[in-house]
Amino acid sequence: MTPQLFLDAAARLMTAPTPSTRRCWQRGSACLTRIALEHGLRGFWQRQAPSVLGCRMRQQLIVLSSLLDAETARTARAAWYGLSRAMHHHTYELAPTIAELDNWHRDVTRLLDRLDNRTEVQP
Amino acid sequence: MPTPEPETVDQLLADHLDRADLPENAATLVLAALLGEDEFQQALGGNPPTPPPTTSDEASKAAEPIGTYLTSIEVTGFRGIGPTATLNLKPEPGLTIVTGRNGSGKSSFAEAAEYALTGDNKRWSGRSSIWQDGWRNLHAGQNPSIRVRLGVDGHRNGATVEHHWQPEDGLADGTAFFQLAGEPRQSVAALGWSAPLELYRPFLSYAELGGLLSGRPSEMYDSLHRILGLGRIVEVETMLKTARREMDQLRKLPAETLPALRTALAGLDDERARQAEAALAGRVADLDQLTALATVDSVDDDRETIVPLRQLDLLELPSADEVNGLVDRLRTALTRIEALAATPAETSRAVAGLLRDALRHHHEHPDQPCPVCGGRTLDRAWADRAQRELDRLTREAEELEAAHRTVAESRRALRELVPPQPAALAADLTADGVTTGDVRLAWQQWTELAAADDPVKVAETAPAGYLALRAALEPVQAAAREALRRRRQAWQPVADQLRAWVESEQAGRQAARMYAALRKAVTWLQQVADEIRNQKLAPVAAEATGIWNTLRQESNVDLGGIRLAGAGPSRRVDLRVSVDGVPGAALGVMSQGELHSLALALFLPRATMPESPFRFLVIDDPVQSMDPVKVYGLAQVLARVAEHRQVIVFTHDDRLPAAVRHLDLHARVLTVSRLARSQVTVGGEGGNPALRYLADAKTIACDEEMAAEVKVPVVGNLVRDAIEYACHERVRARDFRVGRPIAKTEAALDAVQGLRAILALALLGDPKRVGELGEPLRRLHPAAPHVVRDANSCAHGGGTGVDLVRLVDQAGPVVERLALP
Chain A
1 MTPQLFLDAA
11 ARLMTAPTPS
21 TRRCWQRGSA
31 CLTRIALEHG
41 LRGFWQRQAP
51 SVLGCRMRQQ
61 LIVLSSLLDA
71 ETARTARAAW
81 YGLSRAMHHH
91 TYELAPTIAE
101 LDNWHRDVTR
111 LLDRLDNRTE
121 VQP
Chain B
1 MPTPEPETVD
11 QLLADHLDRA
21 DLPENAATLV
31 LAALLGEDEF
41 QQALGGNPPT
51 PPPTTSDEAS
61 KAAEPIGTYL
71 TSIEVTGFRG
81 IGPTATLNLK
91 PEPGLTIVTG
101 RNGSGKSSFA
111 EAAEYALTGD
121 NKRWSGRSSI
131 WQDGWRNLHA
141 GQNPSIRVRL
151 GVDGHRNGAT
161 VEHHWQPEDG
171 LADGTAFFQL
181 AGEPRQSVAA
191 LGWSAPLELY
201 RPFLSYAELG
211 GLLSGRPSEM
221 YDSLHRILGL
231 GRIVEVETML
241 KTARREMDQL
251 RKLPAETLPA
261 LRTALAGLDD
271 ERARQAEAAL
281 AGRVADLDQL
291 TALATVDSVD
301 DDRETIVPLR
311 QLDLLELPSA
321 DEVNGLVDRL
331 RTALTRIEAL
341 AATPAETSRA
351 VAGLLRDALR
361 HHHEHPDQPC
371 PVCGGRTLDR
381 AWADRAQREL
391 DRLTREAEEL
401 EAAHRTVAES
411 RRALRELVPP
421 QPAALAADLT
431 ADGVTTGDVR
441 LAWQQWTELA
451 AADDPVKVAE
461 TAPAGYLALR
471 AALEPVQAAA
481 REALRRRRQA
491 WQPVADQLRA
501 WVESEQAGRQ
511 AARMYAALRK
521 AVTWLQQVAD
531 EIRNQKLAPV
541 AAEATGIWNT
551 LRQESNVDLG
561 GIRLAGAGPS
571 RRVDLRVSVD
581 GVPGAALGVM
591 SQGELHSLAL
601 ALFLPRATMP
611 ESPFRFLVID
621 DPVQSMDPVK
631 VYGLAQVLAR
641 VAEHRQVIVF
651 THDDRLPAAV
661 RHLDLHARVL
671 TVSRLARSQV
681 TVGGEGGNPA
691 LRYLADAKTI
701 ACDEEMAAEV
711 KVPVVGNLVR
721 DAIEYACHER
731 VRARDFRVGR
741 PIAKTEAALD
751 AVQGLRAILA
761 LALLGDPKRV
771 GELGEPLRRL
781 HPAAPHVVRD
791 ANSCAHGGGT
801 GVDLVRLVDQ
811 AGPVVERLAL
821 P
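So the protein lines, in turn, are chains A and B. Sequential numbering from 1 applies to the first sequence in this note's numbering. Sequential numbering from 1 applies to the second sequence in this note's numbering.
What the hints contain is simulated information worked out from the structure, not anything from laboratory work. Fair warning: there could be bad hints in the mix.
[As the list claims (entries may be wrong)] According to the in silico footprint, chain A covers these stretches of chain B (three or more CB under 8 Å from chain A):
| id | segment |
| --- | --- |
| 1 | 100–107 |
| 2 | 269–281 |
| 3 | 381–388 |
| 4 | 647–660 |
| 5 | 791–800 |
Predicted, not measured: the structure shown is a model, and the values here were computed from it. Glycine included, each C-beta is placed from N, C-alpha and C at the ideal position.
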């Protein structure tokens, strides 16, 4: 499954959730968006720097800023941390709002484009 | 819950009045003011009112009104809500928490309910038009509408308040109606809620909470004042003060107009003016004398000029005809005398005597020769002739006498016809423009003329003399009359002014008495009002203090008491706050969250007064700036209020539901979320979040239509959430038992990242001991190790080949075990 397909699934949850996701579409959408980001990054590392593949996401995101422009790296970091927070249970925090999800989704979509432009990665 | 205050402010005031050490008239005024404006005005005029009426009317009014609950709020196209969304509530006492992130549309429910019931919204009123215009939701396919169903005590099917808008309507243009089930529609005003809404407003938003204490001090004062029914005191006080001001003006008025009156009097040459000045000269003006002066035409004392003028005015000369008549008689008599005087009178008398003697002789000795001449015989013929001669002579003598008498009479009549020269003419009236020289001369001449010796001369000169007198008198009389008129003219306005001043002085004296009484009354009322205020406030203050003490938890701010203090622009609510036991601290030392808690402590008693018809209470986001600890206090307070009231709390995070769960309080938790295009949905009761996550995971796992690649991470994520939640609760329960401060527990939980770390904290008490998790997990439940592993890998997009349904099923007992101590 390509990162784009995860993004599409995430978008579907936001616009037209199935009855089964009536209560959890926010977390589901966040989860799928994050997976899309992680998969996109995996392809990028395979092409650019295979040694980074096994690293934890925290480290991957740090390395990213040395290969891409600072702005893109910052967007990736913000999206990943935001999404991670959104998909975990946090005391006192309610599920993310549609606006937050939408922003992350847009950021990740743009990010994937950016990563694709640098590589010819096959999934 | 404050106990109902049985006594109305009126009764309290009347009681105080009975015991008051007030002058009688001041007490009467207060009593009259209590009875109403008319009675008060009468009392000001000096007519004490009749004794107070019975208070049974007020007693029946104070009875508890019919209670109303919210059954549901249905909103379409309003604010954040697009297509119709309904918030179903239970119309009975109890706590309902509606959670939803900011922007989820939860506040729109609160606002819609408030708008439908009150026709206003505190959050927008006073805001710019952008807020007022933005009320319409752009995603709604339908016309905006709000339908609030109400549960009404004694009406089985309740009632509905609806608000509908047409496409082009502004916020205020919509149509609204109220309908009891099975009855015709009525206007919303028929609810009769406008006063209670003002007094007991059952809606409170975050913004208002902030405003309650940070607004002008007088606003909170006014608000408390209203709910305690103390507006009555203000009303009475205003009445007394207004009267006091009016009386003050009235009592000063005479003094202000006095100089003008004095000037007017001084400018007047009139004895009355002098007397008026004398009457005004004393320390206290002689009003009786002044009234008399203002009403009399003249004064007797003003003899020197007024009396002569007045006499001249009244003076009347005989008519010319009368004078001429007398003169004619005189002339005729004189002519007659002249004619008769041809025969010398003595001779005639002598001849007559001689004849009379001769005839007597003839009578005794008829036909004898004349004894005087001895000639002819005095016969009968002679006697006849002599008799005739005698008669003629006698007649002439009588005529002459008569003529003389007539002359004398005519002259006397002429003298008496014109009165003697009046003394008035002797007075010096030149100041009044009356010169009497000519007329005095004319009069003198007339008098002399009438008294002249020669009647012929009198007859000749009298007509001319009369005419001269008359001619001289006429201008003098005219001048005298003019002088009198001038005087009247000059006096009249001053007399009016004097009369007006006397009236104003009389009113002023009454006003001065009333002013003194009113001053005492106002001073007394202000003192008593303070007592009554705090008497009425006491139960509310106690309630607020109790709430604060529950709310404050670990706050070092102590709320000692609440007092209404000051008056006028400096009126305020004194909160006896002490920080760390040091009294006299200002509100400034309190944090925003503490201020909000305090505001809530003050609001809750107000909204739960027994007199309020609202059995519901809608609070929008009270926890926003409260620290987690205070939220526990809030949860307890709300749960307590919810024993007797339907409490609906909207909140943007899970702190309040969590507090309710941790404290094992009874509450319904509803979740509002908002999809794209403003589709707002209300989730049912959440219950235990862990079980909810698992239930969701199960439905997704069983969802045939969803692609496996999508299902795997979502289900893994939900299972992981369930385990994380169970871990959180386990840690909290454990910490709670050992008395660890909640804030510390929460900080520790917040620091933990990741599923295995939280498991390590929950099972081993240390998030760092992730490596030692194997054994405790197996002890917890045999399936636990691989449930944790599979959930994690699925959540991260791995987990290929994992049986999702089985994973969820096995996660159930693991979560259950985690919940056990």
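Each hint, compared with the structure:
no.: 1; hint: 100–107; in the structure: holds (count 5)
no.: 2; hint: 269–281; in the structure: violated (count 0)
no.: 3; hint: 381–388; in the structure: violated (count 0)
no.: 4; hint: 647–660; in the structure: holds (count 5)
no.: 5; hint: 791–800; in the structure: holds (count 3)
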